[in-house]
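A.B. asks: Protein sequences appear in the order of chains A and S.
The opening residue of the first sequence carries number 1 in the numbering used here; numbering runs sequentially from there.
The opening residue of the second sequence carries number 1 in the numbering used here; numbering runs sequentially from there.
Possibly wrong hints are sitting among the right ones.
[Stated by the list, open to error] Calculated pairs, DSS-like style, for lysine-lysine (alpha carbon to alpha carbon, straight line, at most 27 Å): (1) Lys-350(A) - Lys-129(A); (2) Lys-129(A) - Lys-77(S); (3) Lys-129(S) - Lys-10(A); (4) Lys-342(A) - Lys-97(S); (5) Lys-23(A) - Lys-114(S); (6) Lys-23(A) - Lys-350(A); (7) Lys-97(S) - Lys-74(S); (8) Lys-97(S) - Lys-350(A); (9) Lys-35(S) - Lys-97(S); (10) Lys-129(S) - Lys-129(A).
[To be verified] A short, non-exhaustive set of chain S residues, derived as facing chain A with CB atoms under 8 Å: (11) Val-12; (12) Val-22; (13) Lys-23; (14) Leu-237.
Think of the hints as simulated: they come from the structure by calculation, not from any bench.
The model shown is predicted, which means the values in this text are computed figures rather than measured ones.
Beta carbons: idealized from backbone N, C-alpha and C, even for Gly.
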Amino acid sequence: MLYREAGQFKTTYIRDQELFPVKQDRWGIFVIIGFSFIIVPLIANDYWLQAILIPFLIYSLSALGLNLLTGYAGQLSLGTGGFMAVGAYACYKLVTVFPETNVIILILISGLFSAGIGLIFGIPSLRIKGFYLAVATLAAQFFFEWLFGRVQWFYNYNNSGAIEVPVRNFFDIAVTGPTATTQARYMVVLCIVTVLALVAVNLVRGRIGRAWMAIRDMDIAAELIGIRPFPTKLIAFAISSYYAGVAGALFVFTYLGSAEVEVFDINMSFEILFMVIIGGLGSISGAFLGAAFIVLIPILITNLPLILGIPINSATVEHFNFMILGALIVLFLIFEPHGLAKIWSIVREKLRAWPFPY
Amino acid sequence: MESKFGDYLLSVDHISLSFGGVKALKDISFGIREKEVFAIIGPNGAGKTSMLNVINGFYHPQEGEITYKGVHRKQMKSHDAAVHGIARTFQNVALFKGMSTLDNIMTGRIIHMKRNLFWQAIYLGPARKEEMANREYVEDIIDFLEIQAIRRTPVGRLPYGLQKRVELGRALAMEPDLLLLDEPMAGMNIEEKQDMCRFVLDVNDQYGTTIALIEHDMSVVMDISDKVVVLDYGEKLAEGTPDEIRGNQTVIDAYLGVTTAN
C-alpha cells in the first residue's frame, strides 16, 4: 500500500530516466545511504565494522566490477583474484614510493594499474567466448599469484614475504595502518564504494552499458548496428579490472592490514563469481545482495548456536557452515537462477499491484 | 514513375561468394536506386540472405565490387556499413533479449552518440543532454510504429509480431539510408502483415529510406516493391518490375509455379 506509484507522473524525459523513478525507491535509497554514513559509524561497534561491514563493502565493490564484465558485457572471467592482487600490490608500491601523497588518491590510482592489466587479459575475448574465455582469464589468476609471490621487489624485499600497510593520514586522521580506527577505515571504504557504485550505475544506463548488453545478448546484431565488439569488450575488461583493483587495494589497506598474495588465490575469484551469480547477473544491486549473502550467512551460521545457547563445538559449526552455504547456493540456483536481485524485483512487482494479484 | 527514384544508391557488380566448395553467390550484379523498394526473392537456399550479408559487410565476397554512395569497394566492413547508413533486420529476430523495447531502440542510436567515458560516468551534463536528444528521436519512432504501450517491456516477453516491429524500430533508429529487411513478414498473420507493409511503405515515404527486402509472400512482394530480383542456386534469374517478373517464364518455372493466382 505504501509502495504505490500511482499519481507520480513524468512530464520530461529527464524525470523519466532518473535513477529511481519511483518516489519510494528514491527515499529508500536516501535512507540507506544516510544511515550508513551517519548512524552506522555512531552506533556500530568494532566487531560489526571490522568483521562484517568493511569486508561486505569491499566484496561488493569487487562483485560490482565483475558484474559489469560478466553480467552486463557477458564475458566470463575467473581472474578477479589476480586483478585484485594487482591493485593491492600496485597500491603498496605506490604508497612506499610516494609516502607524501594522499593514500586515498593512491588507492584510486592503483586501480588504473589493474585496469591496464585487465585490458591485456581481455584481448583473447575477441576470439574466444564463454568457458574458454574463463579459462584464458585463469592465466591472469595464476600468473599474478606466482609473480607477487616470487618477485621480491613487489613486497619491498620483506623477510615475511607479506605487504604491511604503513600508517597514512587523510587530513590528520589515520586511515590506514595499525593506528587507524575502524570508523575511519569504514568511512574510507564507504565513500569509495558509494562513488564507484554511482559511476557503475551511470555507465550501465548510458551508451556504454547498452553497447555491453548488446554484445552480451546478440553480438552479430550488435556489430551490424555499428558497435565495435573489440573495443567494447576491452572497455568492459578495463573498467571491471579497475573495480577489482580498487577493491584489492582496499582489502589489504583497510581490512587486512597486512597480506600475502595467497589471500588473492583462485578461491577469491570463485567467491566473487558466486556473489555475482547469486546476487543476479546484470544488476548493480545484485552485486551488493550477493556480497551480503556470501559474507553474512557464514557469520550468521557461526553465531546462531551461541545466540540460541545450543552447546556445539566450533569445529562442527565450521563444517555446518560449508554444508548449509553450499545447500543454499544450490537451492537458490534451482529456484531463482536470476539471483537475489530478481527476487527483489518480483517482490516489487507484487507490492506495486497489492492488494490485487496483477 | 521512374522520376520517383534517384541515382543508384548501391550497386553490386559480379559478386561471387563461396564457403569452401559451396558457391553461395555466382556472379551477381544489380543496382538499387534511391527511394526504391527493392525485393530479392527466390527459393530456400538461393542466396538471398547471403546477398544481404554481403551488402552490410558481414560476409566478404571473393570476387566483385560493391559501389555504395559512389564509393567503390571490394567489400563492405560491417562497422562502416552501419556508420554510412545501412541498417538491417534479421530473419530470426535478433533483438537484445535482456533489454526493454526502449533500450533496444536506443541501442540503435549508438552510432549517433559520441560522449566519452568520462561524461558517461558522471552522466549529468553533456551525456544526459545527448541521451535526452536521442530519447526524443526514439520516441518519434515508437510513436510511428505504435508501440508506446510496450516501451518498458523486456523484449523477450513480447509476441513475435511485436518483436519484429521493435527490430524494425531499432533499425530505423540508426537513421539509415538503406534499410535491409530479411523476411519482415515471416510467420505473421494477415493483419500483422498488413501492418508491417504499411510501416515499410511509410518508412519509404516519410523518411525517404531506400529499402531492400527479402520476402516469400508473393502477394506482398508484388504489391509493395518497385523492383524485384530473382535468385536461384546463387545465380540471378531475372530482374525487373513486379509485372515483368510475374510474366517471366524462367521465374515461373523455377519459383513462382504455374498459377500466381493471388
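A.B. asks: Run every hint past the structure and note whether it holds.
C.D. replies: We went through each hint and held it up to the structure:
1. The suggested pairing of Lys-350(A) with Lys-129(A) is violated, with an alpha-carbon distance near 37 Å, which exceeds 27 Å.
2. Under the criterion of a C-alpha separation no larger than 27 Å, the hint pairing Lys-129(A) with Lys-77(S) is consistent with the structure, at around 22 Å.
3. Of the pairs offered as hints, the one joining Lys-129(S) and Lys-10(A) holds, with about 17 Å between alpha carbons and a cut-off of 27 Å not exceeded.
4. A distance of roughly 16 Å separates the Cα atoms of Lys-342(A) and Lys-97(S); the hinted pair therefore holds under the 27 Å criterion.
5. Between Lys-23(A) and Lys-114(S) the alpha-carbon distance is near 31 Å, which puts this suggested pair outside the 27 Å criterion.
6. Note on Lys-23(A) and Lys-350(A): the hinted pairing holds, with a Cα-Cα distance of about 17 Å set against a maximum of 27 Å.
7. The straight-line distance between the Cα atoms of Lys-97(S) and Lys-74(S) is roughly 34 Å, outside the 27 Å bound, and the hint therefore fails.
8. For the hint linking Lys-97(S) to Lys-350(A), the alpha-carbon distance of about 23 Å falls within 27 Å, and the restraint holds.
9. Restraint check for Lys-35(S) and Lys-97(S): the C-alpha separation of about 32 Å exceeds 27 Å, so the hint is violated.
10. Between Lys-129(S) and Lys-129(A) the alpha-carbon distance is near 35 Å, which puts this suggested pair outside the 27 Å criterion.
11. A least Cβ separation of about 18 Å between Val-12(S) and chain A goes past the 8 Å threshold, and the interface hint is therefore violated.
12. Interface hint status for Val-22(S): violated, as the beta-carbon distance to the closest one in chain A is roughly 20 Å, over 8 Å.
13. For Lys-23(S), the shortest C-beta to C-beta distance to chain A is roughly 23 Å, which exceeds 8 Å, and the interface hint is violated.
14. The beta carbon of Leu-237(S) comes no nearer than 28 Å to any beta carbon in chain A, farther than 8 Å, and the hint placing it at the interface is violated.
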